[in-house]
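Engineer: Could you use the hints to bring the two separately framed chains together as a complex?
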Amino acid sequence: MRLFELRGISKNFGAIQALTGVNLKIDAGEVLGLMGDNGAGKSTLIKIMAGNFRASSGEMWLKGEKVEFHNPLDARRKGVEVVYQDLALCDNLTAAENVFLGREAKIRLGPFRFINYPAMFRAAARHFAELKSETRPRDLVKQMSGGQRQAVAIARTRLSNPDIVLMDEPTAAISVRQVAEVLELIRRLRDQGVAVILISHRMPDVFAVCDHVSVMRRGAVVADKPIKQTSPEEVTALITGALEFA
Amino acid sequence: MSVSVEQVAQQREHTPLRALLAHQPLWVTIALAIICLVMAQVSDVFFTKDNFFNVTRNFSFIGIIALGMTAVIITRGIDLSVGSIVGLSGMVAGMALNAGHSWWFGILAGLLTGVACGVVNGILIAYLNLSSFIVTLGMFAVARSLAQVLSENHMIYQFGPDERLFTTIGGGTMLGVANTFVVLVVLMVLFMIAFRYSGWGRWVYAIGGNEQAARLTGVPVNRVKLSVYMLSGLMSAISAVLLVGYQGAAINAMGTGYELRAIASSVIGGTDLMGGAGGAYGTFIGAALIEVIRNSLLLAGVDANWEGTFVGLFIVFAVLLSKFREMRAG
Numbered sequence: 001m002r003l004f005e006l007r008g009i010s011k012n013f014g015a016i017q018a019l020t021g022v023n024l025k026i027d028a029g030e031v032l033g034l035m036g037d038n039g040a041g042k043s044t045l046i047k048i049m050a051g052n053f054r055a056s057s058g059e060m061w062l063k064g065e066k067v068e069f070h071n072p073l074d075a076r077r078k079g080v081e082v083v084y085q086d087l088a089l090c091d092n093l094t095a096a097e098n099v100f101l102g103r104e105a106k107i108r109l110g111p112f113r114f115i116n117y118p119a120m121f122r123a124a125a126r127h128f129a130e131l132k133s134e135t136r137p138r139d140l141v142k143q144m145s146g147g148q149r150q151a152v153a154i155a156r157t158r159l160s161n162p163d164i165v166l167m168d169e170p171t172a173a174i175s176v177r178q179v180a181e182v183l184e185l186i187r188r189l190r191d192q193g194v195a196v197i198l199i200s201h202r203m204p205d206v207f208a209v210c211d212h213v214s215v216m217r218r219g220a221v222v223a224d225k226p227i228k229q230t231s232p233e234e235v236t237a238l239i240t241g242a243l244e245f246a
Numbered sequence: 001m002s003v004s005v006e007q008v009a010q011q012r013e014h015t016p017l018r019a020l021l022a023h024q025p026l027w028v029t030i031a032l033a034i035i036c037l038v039m040a041q042v043s044d045v046f047f048t049k050d051n052f053f054n055v056t057r058n059f060s061f062i063g064i065i066a067l068g069m070t071a072v073i074i075t076r077g078i079d080l081s082v083g084s085i086v087g088l089s090g091m092v093a094g095m096a097l098n099a100g101h102s103w104w105f106g107i108l109a110g111l112l113t114g115v116a117c118g119v120v121n122g123i124l125i126a127y128l129n130l131s132s133f134i135v136t137l138g139m140f141a142v143a144r145s146l147a148q149v150l151s152e153n154h155m156i157y158q159f160g161p162d163e164r165l166f167t168t169i170g171g172g173t174m175l176g177v178a179n180t181f182v183v184l185v186v187l188m189v190l191f192m193i194a195f196r197y198s199g200w201g202r203w204v205y206a207i208g209g210n211e212q213a214a215r216l217t218g219v220p221v222n223r224v225k226l227s228v229y230m231l232s233g234l235m236s237a238i239s240a241v242l243l244v245g246y247q248g249a250a251i252n253a254m255g256t257g258y259e260l261r262a263i264a265s266s267v268i269g270g271t272d273l274m275g276g277a278g279g280a281y282g283t284f285i286g287a288a289l290i291e292v293i294r295n296s297l298l299l300a301g302v303d304a305n306w307e308g309t310f311v312g313l314f315i316v317f318a319v320l321l322s323k324f325r326e327m328r329a330g
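Here the protein sequences come in this chain order: A and B. Just so you know, we're using the working numbering here: the first sequence kicks off at 1 and counts up by one. Just so you know, we're using the working numbering here: the second sequence kicks off at 1 and counts up by one.
Chain B with its partners taken away, still in its complex shape (with noise of 0.2 Å):
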């Protein structure tokens, strides 16, 4: 029987469902409905418009940075930086602010620090060919090591004539839930479009496959490369600069600690270390799901510190599960 070429390009390997049980980012969301159920049950409080609220805007921070970091990851880098560019950021629109000047001022001069980061780890590690994990751990040195040389070691919480709206931006509420949670969702659905229905996505996770294949059939891997390092930056300095807005103040350790949270959020939600695999949603799905551990650790009533004990054990599980599915299909 002979089979015209519409119905070739129509051929699927698996059906939609089996494709979807083999999605890692579904069975982490079942993992979080469950978690929430038993939470239900244990917890009076869990299932409350305030803990929503909290939960939704305490991890739209670090889901924001993870974005970033899955566009990095997926090209087989790492940013070991996006923790201190968080602190340089914030601390650069802190200071503007604090100059005088306005709110658009304040956020551009964050951003800008941001990206200007992540111009450096992308020349370094595209043009240079370092290596990423090299170059991003001397910038987490540089851009904390700068946020405490600015900031001669003061908290900045004065933020002069537009504080209000910059507090606002960042501290505020929009159809019931934190401005955050917006920013990170539209975030979430640009990546997920990007990754996608852009050509930059297809040779984002191209070059993690085989950045030499992706070389030698005209993919522009340095720009490419260059480009991911740059969202990175721009990532944590938006979440920086929305973090200042939401404490009110701006301090030279925050984000200290956030890039092995914005890592664990990507590798829970399936992007794989090696490279060429993971997504916009699984990021989202695994940044809500380490919030969510930590916050029914604490109204169950366990000890906080168990927290890492929990994100570590979901991050073994994760890539455990991949490396099953590997096996499975191949």
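Chain A with its partners taken away, still in its complex shape (with noise of 0.2 Å):
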């Protein structure tokens, strides 16, 4: 059974057609690269798929079942998780606090219940180091470097034990050495069994982890390919309109 299956997703915003018949499909265990130049539509088919936005048509299918996100909070209580391209983290908090924001876990005190810190600060830490990651939940996360940040946002999606992660851009503002971590992290999650869609402008990254590539251009999807049957030049050139498709 399909994972995850996008079929003639439209949207439109008034007179603009921001995304017109995308089909998209993902399995378990596979890391999808989307790809595409500015206003391809790449964040317009994401925010779909997060419950931030409902498409004007279409249907998406999730383990068999067809399903609507009304919300983010929709999305995620059904297997979806995002990490957005900001992280969405709190830099005065740290990074347990940031991992369990929204979902804290608590003890029963009487009728009273409690941040239970030492309960997070392990679970926090053994996610963490499932990711083989340095991080640690104690520190605040306004003094992390780049690729510690996206451990922490990509370890808040670890807690409902999603089937499916979409990343934004994770990898578009911070060091090589820290894209080396980014996309080590990514590894680890489809090690795990979990499907990653990553949106990415940076096709080393694309190509350094991804199974399958789809590109879009004007609001469709104009190719969908293993990545090894694909290579840098025609993605290019399916990105820019060169090769109309593929």
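Among the hints, a few may not be true.
Unchecked claim - With a cut-off of at most 20 Å between alpha-carbon atoms, the simulated EDC-like pairs for lysine to aspartate or glutamate come out as follows:
no., chain 1, residue 1, chain 2, residue 2
1, A, Lys225, A, Asp91
2, A, Lys63, A, Asp163
3, A, Lys63, A, Glu5
4, B, Lys323, B, Asp272
5, A, Lys47, A, Asp74
6, A, Lys78, A, Glu59
7, A, Lys47, B, Glu211
8, B, Lys323, A, Asp91
9, A, Lys142, A, Asp91
10, A, Lys142, B, Glu211
11, A, Lys142, B, Glu326
12, A, Lys47, A, Glu5
13, A, Lys78, A, Glu30
14, A, Lys142, B, Asp272
15, A, Lys228, A, Asp27
In case anyone wonders, no lab produced these hints; they're calculated from the structure. Just so we're clear, the structure is a prediction, and the values are computed from it rather than from any experiment.
Structural biologist: Dropping the structure here:
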């Protein structure tokens, strides 16, 4: 059974047609690279998958069931997590507090429920260890490197044990060393059977970790190929329009 | 060498001592202690039981309001209406008692008035996305005006059948300190626990740190923002009820200028006006410092008009100190 599939997704904002009949599919433990120039419709598509936008038409299928996401929490509950481009972290909180934000571990004392910090620190440390990250749960996020911040954002997605993680430009603004860390984090997710959709402008990253690549242009998918059957040159030609379809 | 998950979970960014030294309320406490030691040399009266009683009672009214203000400021908001809410809540409580109602009804009426003002502020700020500065500036004018309209510019000094009990609540003592100080300490402890150990407390800090991130991760941002303005209104009303009881009179000018003193208490105690940082103990000690400065100037025979200068200098110094710590940290 296919893990996640989009069938004929279209989206219009008034007179502007942002997406036209987009088909996309991904299986468990697969990394799909979603590429395209600015304005190609990648972010709109991700926002539909994440529950930020409703599609004007088309269907989403998750594990053989037709699904509709009314908001991001709805998408999360059904197994779709997002790592946003700006990571959506609170710099003034610790790594563990960010991982558990909105889903804090509690301990009951009589009629009251208090935050269980030791449990949160232990669980966050375990998630970081699974991601092979050196991030420490008690450290404030504002003191962290780009790679560590990514680890915090990715560890947060692990709490709900998602089937699919959407990552929006995770390597856009970090150093070369940190890019390597993030790509390793993506591989770890894949190894744990999670499907990852990676939006990126960086060709080397997509070719380093993805199993498939889908190219979008002017709101439509113009190519969907196994990464081994394409090349950076062909993908570039598809992005720019030098090559119409592949 | 491999490190276990348990060890990583225990690793701290700073040693407890270094963390303590980076804690602004510690430095404010030290400043307060130094002022007290100096004053012990300057005045024979400063370290007397009576003076301690007066100082702790006096800063309690502002301290209680400042606790609510701290929650608001941590979410990157501001509540300029607290002083006017003190005036309105105090007047409503006084009028209810004056009309012959029981003590608990009068207090409840006052507290509900404060909460109602907070609800209006909170809905406009959280759900209609209006600026907290503008909304609470509006409430600042409206609440004071309502207090004047309700009172018809008369002072209320007769509180019906429960007058004795009501005035004892605000003006009495417990364990040798003013009731108001006991209330402040209890509320401070409750705020400390709520800020640190409740989900609500963590969400308050998260909203101040990055509201959009908090929203995306499922924090009920609007509800939390509404709650802090309700809490601020409630704290103002608690202070108002105690103040009316202590003074034995409800006057519509009550609480005038309290908003700035409450903000000053929070900021001196380490609350960041940019949101995301602050705490209940800091606010408590900030309020204490302001009152001790006022008291010290009085006892040292300095013109009381200098109070504003000293408090202002402390505010700027506190902000500079926090900026300096941030620069060192990052």
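Engineer: Hints numbered earlier in the text: which of these fail when held up against the supplied structure?
Structural biologist: 1
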